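**Q** Residue strings, one per chain:
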Amino acid sequence: MATGIKDKVAIIGMGCTKFGERWDAGSAELLAEAFNEALADAGIERKQIEAAWAGSCMDNVNVGNSAIPTSVALRLDGIPVSRMENMCATGTEALRGAAYAVASGAVDIALAIGVEKLKDTGYGGLPAPYKGTLNDLWLPLGSAPAGFAQLAAGYRAKHGTSKEDLKKALAHVSWKSHQNGVLSPKAHLRKAITMEQILAAPMIADPLGLFDCCGVSDGAAAAIVTTPEIARALGKKDMVTIKAIQLSISSGVESTTNQWDGSHVRNTRAAAQRAYAEAGITDPRKQISLMEVHDCFSITELVTMEDLGVSADGRAVHDILDGFYDREGNGVPCQVDGGLKCFGHPIAASGLRMAYEIYNQLQDRASERQLKNPSLGLTHNLGGVPYLGISALSILGLHH
Amino acid sequence: MTSTQTANGITGYGGYVPRLRMQRAAIAAAHSWMAPGLRGLAKGQRAFCSWDEDSVTMAVEAARDALDSRARDGIGSLVLASTRPPFSDLQGASIVAGALDLRSDIATLEVGQSQRAGVSALLAQLRASQGNTLLIASDHPSAKPASTQEVSYGAGAAAFTLGSEKVIAELIGHASQVNVFVDHFRAADSQHDYYWEERWIRDEGYAKIVPATMKAALANAKVTAPEVQHFILASSLKDTASMVAKRCGIEVTAVADSLDSTCGYAGSAHPLLMLAHTLEKAKPGEVIVLVGFGQGCDVVVLRATDAITSFKPRRGVSGAVADAQTHEAYLRMLSYDNGIDLEWGMRGEKQVKTALTEQYRSAHQLAAFTAGKCTCCGAVQFPQLAYCVNPECLAPSEKFTRTHLFDEPAQVFTYTADWLSYHPSPPLYVGFVQFDIGARLLMEVVDVGQQGLDVGTPLRMVFRVKDVDKARGYPRYFWKATPISA
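Residue numbers (numbering that gives the first Met the number 0), protein chains in the order written: chain A, 0 to 399; chain B, 0 to 485.
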């Protein structure tokens, strides 16, 4: 087996825009905002960047195809820049590209950046993507919430959970994120919401109500990576290194065969298994200090807790209601910055936004949100839909 | 194909009526401010097409009712009659043939432009005597809001197999007449019919033209009027059939059920829908007279044979009529028939342009809902791609055998009701359908009634319009799932 990239790549600078309804900025401005912060944080010059991976997902409300618009926006003159598009995993995918380039020795310093400008659609929610000429002829339409909501029916059927208990646990997921989001200056939504408000919200896709769905926002985030040796030479202390980045993509098993029970995300399990092996994690429930997971919908976060092996199968409802994932709980705090729920989900920026939070927490730079002595953080993205999707995991930790 | 068979009779039949029924009282109530008189007509229900049903989809469902699980490879030609085909020069009959997975070497023909389209097509095919034919009439006449037709019209389709073996009703006589009696008309580019005075239509039209043709037809068949046990005359005007029967000397008890209280008048398909309904109860030896009216008249005289007792459609017109979902929201019916331009929001602007190349390339699996069964591991998969989906197998698709999913038992595996996506009939019910034979795919679930869905709800497959490309006026078709009614 390959040795993996554990501790072969250090993050030396990160940037993240304020997420939200950024009527003031287009994609190019958002890219620059994140890039400037990352450059300043890294303490390097733009010309030291030798390669870049630029993520953007929705063609019709973004910079445009290829990596050219990003290269132009950031004036990355003459270096290789690649466009990444892997749905909601795009941000983590960009980081993977940059990290693998550094780990391979191909370049010394690389940039990963992602941007999405969703508020240029003219309506709330995501634009419906094309599915390709064949799939468009038979696959039904269906919004993102409709894709994920089906996990609820599958989960109830598998574990015999009542509609009421599941709805209560889902509400707690959103409630927790809103409590945490209050402390995040860059979050889109910074208001605590009561359980009653969540439970009484209008239905979007049964059983997901309005507060079970994350916001639609504009934003960008960026990371600059290099080798630990170069990082040290640049004077970096409390160095954050990448312990693992793994991706798993569906081959159609879940959506075409009866080998999937509808209660979990198969690809998250596969990606987690590989990421834990790469990072040397044997007991995630005990070893991971904090998590930023893809809570596009409350049901996604719930099943992800089981898919990541932090909650046992069928136990996520209880762990969630017991406060195991709350900031003040005695478990693994999840979404301490408010998650997608409060930041919103500018598709290609989200994975890097999650890494940004872990990076800051590990360096004790998360101000009001700071947890006590975290040492290992996990980010998780889920692109596409649970039954036909992309799971991306990154594990970041302090380098000793 | 050449054949020495003689097509001289009906060998099977079936029908379809949309599940959706509008309370006529709701139509009248919506218009009471300007047409209070409609209230007098507002009894019972009328069928109406869902947004994704049209003459083609109803034709497929009627044919499936007639064919049930019988072999389809003996059918040598397909004729589709309708006055509301989805296209002017793209053959709906071909789409129907594809959905039914008929042989590719059959002859197809479309008949329209006439209120008599259904009956004339049946008569022509019975006289043509050429092999086994599948004849379908399908229509959903559209009426202007607040017209009496809006209350009386319905929708439906009927299908018949014609041939010389196991004939259940044989042609024993016929007569036709032609004139330009314009009781109503619909201009080529118009959605709605324009009507002349009802009393004139009755007195100068039906009352004179039909009896004259009847006389000739009965003489041709060598039967007398009192010998007629089933008299089928479809009209959107009430009591016309009884009036004509009396004039012709036919017993009033022979007048066939007009299906008015449950279905309404299904245009050029209606006489044949009534015929399919009549055949369900006709006994050996009974004489059936079928009238087609409009710019003249066709009269078809049939006699049921002993074989009629041995034929059963899948559920028949009676079954389709009984499978009803009652609606009271009049604007729903209006919207489904493009009678009102509602604001669907920007999501409704999504482009659904069809790659006609891909549609043609994948026709073998899309049209007749054909899954591939892997002969190496047994996995049944839709869509069929280059390799078996089973990660333990991955056999190349050359190892697949083909199997239709349209009649396979299936149930809900997951589901949701999506209020966010654009859908002409919100919410969009969508979920995974698990077939008993192992296939699984994400499908739209339509005609979900009050009972809703749950994991395990039994489903059956229906042929529907998948999307409408409004920019180019192109509907594309695929299969959807619907709960099996209790």
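These aren't lab readings, by the way, just hints derived from the structure by calculation.
Treat the hints loosely; a few may be bogus.
As the list claims (entries may be wrong) - Cβ-Cβ distance ranges computed for the label pairs, FRET-style:
(1) A:G121 with B:L89: 26 to 36 Å
(2) B:R38 with A:S161: 44 to 54 Å
(3) B:G338 with A:Y122: 47 to 57 Å
(4) A:G121 with B:D238: 47 to 57 Å
(5) A:G313 with B:K398: 49 to 59 Å
(6) A:G104 with B:R471: 32 to 42 Å
(7) A:K46 with B:K398: 26 to 36 Å
(8) A:G121 with B:K143: 51 to 61 Å
(9) B:D238 with A:G123: 17 to 27 Å
(10) B:S396 with A:Y129: 19 to 29 Å
(11) A:Y129 with B:G448: 50 to 60 Å
(12) A:Y129 with B:K143: 48 to 58 Å
(13) B:K398 with A:Q258: 15 to 25 Å
(14) A:Y129 with B:F86: 20 to 30 Å
The structure presented is a predicted model; accordingly, all values stated were derived computationally and were not measured.
For each residue, glycine too, the CB sits at the ideal point set by N, CA and C.
**Q** Please go over all the hints and tell whether each is borne out by the structure.
**A** Hint-by-hint comparison with the structure:
1. At roughly 34 Å, the beta-carbon separation of A:G121 and B:L89 lies within the given 26 to 36 Å, and the hint holds.
2. Between B:R38 and A:S161 the beta carbons are some 48 Å apart, a value that agrees with the proposed interval 44 to 54 Å.
3. Remark: the range hint 47 to 57 Å for B:G338 to A:Y122 is contradicted by a beta-carbon distance near 26 Å.
4. Under the hint 47 to 57 Å, the C-beta atoms of A:G121 and B:D238, about 55 Å apart, fit the expected range.
5. The supplied range of 49 to 59 Å is broken by A:G313 and B:K398, whose beta-carbon atoms lie about 38 Å from each other.
6. For the pair A:G104 and B:R471, the supplied restraint of 32 to 42 Å is violated, since their beta-carbon distance comes to about 53 Å.
7. For the pair A:K46 and B:K398, the beta carbons lie near 56 Å from each other, so the given range of 26 to 36 Å is not met.
8. Taking 51 to 61 Å as the suggested C-beta distance range, the pair A:G121 and B:K143 does not conform, at roughly 35 Å.
9. Distance hint check: the CB atoms of B:D238 and A:G123 are about 55 Å apart, inconsistent with the given range 17 to 27 Å.
10. In this structure, B:S396 and A:Y129 meet the distance hint of 19 to 29 Å, their C-beta atoms being roughly 24 Å apart.
11. Between A:Y129 and B:G448, the C-beta spacing of about 32 Å breaks the proposed range 50 to 60 Å.
12. At roughly 38 Å, the beta carbons of A:Y129 and B:K143 sit outside the given window of 48 to 58 Å.
13. About 19 Å separates the C-beta atoms of B:K398 and A:Q258, a value consistent with the hinted range of 15 to 25 Å.
14. A beta carbon spacing of about 25 Å between A:Y129 and B:F86 agrees with the range 20 to 30 Å that was offered as a hint.
In terms of the numbered hints stated before, the structure departs from hints 3, 5, 6, 7, 8, 9, 11, 12, listed from lowest to highest.
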